[in-house]
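J.: The residues making up each chain are set out below.
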Amino acid sequence: MNPALLVLSSSTLVHLSPVDLVIIVFYFALVLAIGLYLKGQANTGEDFFMAGREMTAWVAGLAFLSANLGSLELMGWAGNSYKYGILAAHWYWIGAIPAMLFLALIMMPFYYVCKTHSVPGYLKLRFGQDSQALSSISFALMTVLMSGINMYAMAVVMKVVLGWDLNFSIIVSSVTVAIYVALGGLRSAIFNEVLQFFLIWAGALLIPILGLIEAGGWDGLKAKILHNLTEQHAANPGAYTHLWSTLGNFSDNPMGINWAGIVFGLGAVIAMGYWTTDFLVVQRVLSAKDLRSAELAPIIGAAFKMMVPFIVILPGLLGLALLRDGSGNLLRLVPADLAWSPAGQAQGLHGYDEVLPLMLARYCGPGLLGLGITALIAGFMSGMAGNVSAFSTVWTYDIYGALINKNATDEGKVRMGRWVTVIGVGISIGTAYLVMHAQSIMDYVQALFSFFIAPLFGTVILGMLWKRATKAGGFWGLLAGTVSSVGMYFWVKFDPSSVRYLALSDKAQDQAQNMFRALWCWLICVIVTVVVSLMTKPKSDEELKDLVYGLSPIPKQEHVRWFQSPIFWGAVVAVAFIVLQIIFW
Amino acid sequence: MKSGGSLSIWFFIGVSLAVNGAIIFARGIYELVYPPEHQVVLYQLHANVWWGAVLLILGLFFSLRFSPARERARMAGKS
Chain F
847 MNPALLVLSS STLVHLSPVD LVIIVFYFAL VLAIGLYLKG QANTGEDFFM AGREMTAWVA
907 GLAFLSANLG SLELMGWAGN SYKYGILAAH WYWIGAIPAM LFLALIMMPF YYVCKTHSVP
967 GYLKLRFGQD SQALSSISFA LMTVLMSGIN MYAMAVVMKV VLGWDLNFSI IVSSVTVAIY
1027 VALGGLRSAI FNEVLQFFLI WAGALLIPIL GLIEAGGWDG LKAKILHNLT EQHAANPGAY
1087 THLWSTLGNF SDNPMGINWA GIVFGLGAVI AMGYWTTDFL VVQRVLSAKD LRSAELAPII
1147 GAAFKMMVPF IVILPGLLGL ALLRDGSGNL LRLVPADLAW SPAGQAQGLH GYDEVLPLML
1207 ARYCGPGLLG LGITALIAGF MSGMAGNVSA FSTVWTYDIY GALINKNATD EGKVRMGRWV
1267 TVIGVGISIG TAYLVMHAQS IMDYVQALFS FFIAPLFGTV ILGMLWKRAT KAGGFWGLLA
1327 GTVSSVGMYF WVKFDPSSVR YLALSDKAQD QAQNMFRALW CWLICVIVTV VVSLMTKPKS
1387 DEELKDLVYG LSPIPKQEHV RWFQSPIFWG AVVAVAFIVL QIIFW
Chain D
1449 MKSGGSLSIW FFIGVSLAVN GAIIFARGIY ELVYPPEHQV VLYQLHANVW WGAVLLILGL
1509 FFSLRFSPAR ERARMAGKS
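The listed protein sequences correspond, in order, to chains F and D.
Counting in my numbering, the final residue of the first sequence is number 1431, and the numbers go up one at a time with none missing.
Counting in my numbering, the final residue of the second sequence is number 1527, and the numbers go up one at a time with none missing.
These are computed hints drawn from the structure, not numbers from a lab.
A portion of the hints provided could be inaccurate.
[Claimed, not checked] Partial selection, computed: residues in chain D whose CB lies under 8 Å from chain F:
{"#": "1", "residue": "Ser1464"}
{"#": "2", "residue": "Ile1471"}
{"#": "3", "residue": "Gln1492"}
{"#": "4", "residue": "Ala1495"}
{"#": "5", "residue": "Trp1499"}
[To be verified] Stretches of chain F that chain D covers, calculated by requiring three or more beta carbons in the stretch to come under 8 Å of a beta carbon on chain D:
{"#": "6", "stretch": "919-932"}
{"#": "7", "stretch": "1037-1045"}
{"#": "8", "stretch": "1051-1060"}
Glycine included, C-beta positions come from ideal geometry on N, C-alpha and C.
So here's chain F without its partners, still in its complex pose (with noise of 0.2 Å):
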């Protein structure tokens, strides 16, 4: 075992009373009785791997949120809010509402119509087999190692918040996730989708409105982390409470970014890729059982996704204005690494991710203890079957179906799809506990999964609205940028100096570098899509038909007055999305 991890047995956060073992086995138990009930629901491929598209806007939208609302993105926002301040709140906001309100108004009708399973799918509609293989084989391999990912994450953070054992954990979970999604398909990962959003709120809301009433407002807040922070002698202060005023300069602010990045390589790239091509959210909103209802999921999404920074970003700052040691002096969060060395626990060091913890345990008595601690749990369980549920669609209808058995039944499709959601648990499990033994490949991992989702976008973007765009300028795109966005990682990784080329300055940390790298990767799949497009020949517009803007008739919906439209909800959050830009300002 990682000698860091035998550390962390010595300390826990919290001590479990019975009355939150009794929340927490009750959740299990609910979830495996909801696997059991959608077995009988889930006979056809329609059923298992695409909910049998019957999902209501609200159910799609709910589980197209929750899929991205993992604990490691709780837990990990919050401590990045502690690091960087409300900065974090940019990836909730500009991160994520402009491009769920383009995937509902301009990318949903196409991805509708052309009644795709999955992006990869897509892919091969429109620019044919090479494109589809490669990125489903790239997805399905990232999803399952995310997936390991999930569960490795969640088992440390059991062991240093509850002092659980990590085989324990890992096991547990991972059958009980096996379990239901191999029972119900992607109906039962949605349920407990939905199930997860509700247990997070009514988990996590306490510890902001606990929280401002002990600071004394936002005003309160605001105040304490300007003294601490000044206290600390932290550059430019003031900089943790403002979204956008300090984005001007890369040193004004505590992660070194200026508005490009934020605006073009988080908005433009990085977040459309994501919420626009990762078929792990995509999924859920293809379940819905018609195309107004695919188009208002996303919107539904976007406006509950608004309000997350409560739950995710107070909390963090929240940290940063209250939290005291044991003798009252102010508690100073510091990196995993330190935190987690033996120096760092023989000193009772915490790390920034422990912030959520810590403030649940400031506030939470026995009882609601057990239900921040369930909806953690809850929320670990989610990420992984979601990862699993797409990883079992893209392996059997892209992989399996395209390459390997072109002529499988659809009852085939099923069996083969309930084996490989036991199978990509296996593997999950591998790489859990392959993380355990060389952390550092967490950190690659993860950065491959960002390498695809950005040139991915480009490619998408390009096949739906540019009907030039051909077979070879596609492939020949989504690989280029690709390999150039692995160089890229590669290149800082062993000249830490040329950061100040890629991200365009050297006080660039972790999360600027990877907004540049996303923007310019992107940028590298454009220009070679369309250098090579131009050079070959495309296809004509009757084989385009139902794939690109413009060569698409979008099917009549039926009559909806002006406030039931998805163009009016979705002109209702981008006002509401403005107002808290000027208002945190």
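Take the given structure of chain F and dock chain D to it, following the hints.
T.: Positioned in the frame of chain F, the structure of chain D alone reads:
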């Protein structure tokens, strides 16, 4: 959303919120009678009492509104 059977997803959510709310509320009442030795910050607000009550009421609303009996009656009315 219907699952194809008579149980709605909202029913499961209602059951989950109601059971958790009832447990937290009961624990809160117990702590009012027997205050714990180690108290959390802002213990005097008794968050477990009112938060447990909120969850319980919300859970009961969902459980009753989407109960299997009402769903069956609704489906029968449609057909």
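J.: When the nearest CB of chain F is found for Ile1471 (chain D), is that gap smaller than 8 Å?
T.: 6 Å, holds
J.: How does the stretch 919-932 of chain F fare against chain D when you require at least three residues with a CB closer than 8 Å, holds or violated?
T.: Three-residue rule not met by the stretch 919-932 of chain F, so violated; n is 0.
J.: Next item in the hint list is Ala1495 (chain D). Is there a CB on chain F closer than 8 Å to its CB?
T.: 6 Å, holds
J.: Measuring from the C-beta of Ser1464 (chain D) to each C-beta in chain F, is the shortest one below 8 Å?
T.: 6 Å, holds
J.: With a cut-off of 8 Å on the beta carbons, see whether Trp1499 (chain D) makes it to chain F.
T.: 6 Å, holds
J.: Verify the interface restraint on Gln1492 (chain D): the C-beta must sit less than 8 Å from at least one C-beta of chain F.
T.: At about 11 Å, which exceeds the 8 Å cut-off, the nearest Cβ of chain F leaves the hint on Gln1492 (chain D) violated.
J.: Counting residues of the stretch 1051-1060 of chain F whose CB is closer than 8 Å to a CB in chain D, do you get three or more?
T.: Result for this restraint: holds, n = 4.
J.: Verify the coverage statement for the stretch 1037-1045 of chain F against chain D, using a C-beta to C-beta distance below 8 Å and requiring 3 or more qualifying residues.
T.: holds (count 5)
Of the numbered hints stated above, those contradicted by the structure are hints 3 and 6, listed in ascending order.
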